[in-house]
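Asker: Put chain B on the given structure of chain A with help from the hints.
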Amino acid sequence: MLGQVVETGFAAKTAMKARVTVTLKSGILDPQGKAIEGALRSLGLAGVSSVRQGKVFDIEIEGGDPAQAEALLKQAADKLLANTVIENYRVDVLG
Amino acid sequence: MKAAVLVFPGINRERDMARTLRLVSGREPAMVWHADKDLPAGTDLVVIPGGFSYGDYLRCGALAARSPIMEAVRSHAGNGGLVLGVCNGFQILCEAGLLPGVLMRNENLRFICRDVYLRVERSDTPFTRGYNAGQVVRVPVAHGEGNYIADGATIAKLEGEGRVLFRYSSPDGMIDPNWNHNGAINAIAGIVNEGGNVLGMMPHPENHVEAAIGPTDGRGLFAGLVEVLDRAA
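First to last, the sequence lines map onto chains A and B.
At position 46 of the first sequence (counting the first as 1) the number is 46 in my numbering, and the numbers step up by one without a gap.
At position 198 of the second sequence (counting the first as 1) the number is 198 in my numbering, and the numbers step up by one without a gap.
Chain A with its partners taken away, still in its complex shape (with noise of 0.2 Å):
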């Protein structure tokens, strides 16, 4: 009995991963990722001319309509998870 309740809850929730990215927007300063840039080049890792940093939020959502739950992150990103004054996101559905 118990199983059985426990399998159909369960089976009638489908959850989709995705994630989002934020990044800062061109032109403006970026401290940490110069930082980070200096510190490549102190460890001799020859080649790398620059280095911006951002974020990455991977994300479940529930239900399983990639276009609704594309329309929800982008809701998501514009509230909180970027401020539109200095960064950019980007909102990848993964299924």
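To be clear, the hints were calculated from the coordinates, so they are not data collected in a lab.
Keep in mind it's a predicted model, so treat the numbers as computed, not measured.
We put the beta carbon where it would ideally sit given N, CA and C, even for glycine.
Just so you know, not all the hints are guaranteed correct.
[Stated by the list, open to error] Selected chain B positions facing chain A (Cβ under 8 Å, derived; list incomplete): (1) 22; (2) 66; (3) 95; (4) 101; (5) 107; (6) 109; (7) 110.
[Stated by the list, open to error] Taking lysine-lysine pairs in the DSS-like style, the calculated list, with each CA pair at most 25 Å apart, reads: (8) A:17 to A:34; (9) A:74 to A:34; (10) A:79 to B:37; (11) A:79 to A:17; (12) B:157 to A:25.
[Said to hold, decoys possible] Now the stretches of chain A that chain B is said to cover, found in silico as 3 or more residues with beta-carbon under 8 Å: (13) 57-68; (14) 73-87.
Answerer: This is chain B only, laid out in the frame that chain A set:
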């Protein structure tokens, strides 16, 4: 003056602020928890103090700006009510969209904690009537993200409308990159919104108000507010 000081998890300057408000106005401010939905009835000044709300997670001030009490602050400001945000409070006001722009990492990547000099740009505002235009005041800063930036159009608008109230300067009031410790555009230390009733500033005027401790240059800001609000009451 009926001041309300907002308290968020991770804020640590709220008691300094409350002490200064009590000292200068003679009245105890209300301490208002971030999860509350309303400001105390009759609040005429909302103060968002400094600290590290939510541990500066995501971006400085980003999570506090979306907390329940901020809706009440938004409507208070919308009705012309006075709002003062200091340090993290300035960051929260920017994240809430009540002030334009962003406070970025200090140009030298260091947390800077020391006294700085500010040139007061105008005295005809509720926040600066306790000073003269052009006066230089000495107040402390303590921040890692105080480097103000905004897009060119926003900066032009702020400057054109005289909305920069404080700039980092030399002791004799010269604007010079050597005295702009965090690299802010146009040495901007404090700005007001379009209505002139919301001020955000990185330095801490509340920490320089008692002669027993040191300089008292911060007192003018609070004394000016008391004068405006007690006259209105």
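Asker: Each of the hints needs a verdict: does it hold here or not?
Answerer: Status of each hint after checking the structure:
1. 22: violated, 35 Å
2. 66: holds, 6 Å
3. 95: holds, 7 Å
4. 101: Holds, about 7 Å.
5. 107: For residue 107 of chain B, the interface hint holds, since the closest Cβ of chain A sits about 6 Å away, which is under 8 Å.
6. 109: holds, 5 Å
7. 110: violated, 10 Å
8. A:17 to A:34: Measuring from Cα to Cα gives roughly 32 Å; hence the hint is violated.
9. A:74 to A:34: It is violated: about 29 Å lies between the C-alpha atoms, which goes past 25 Å.
10. A:79 to B:37: holds, 20 Å
11. A:79 to A:17: holds, 20 Å
12. B:157 to A:25: holds, 21 Å
13. 57-68: With 0 residues closer than 8 Å to chain B, the stretch 57-68 of chain A misses the three-residue bar; violated.
14. 73-87: Since 6 is at least three, the answer is holds.
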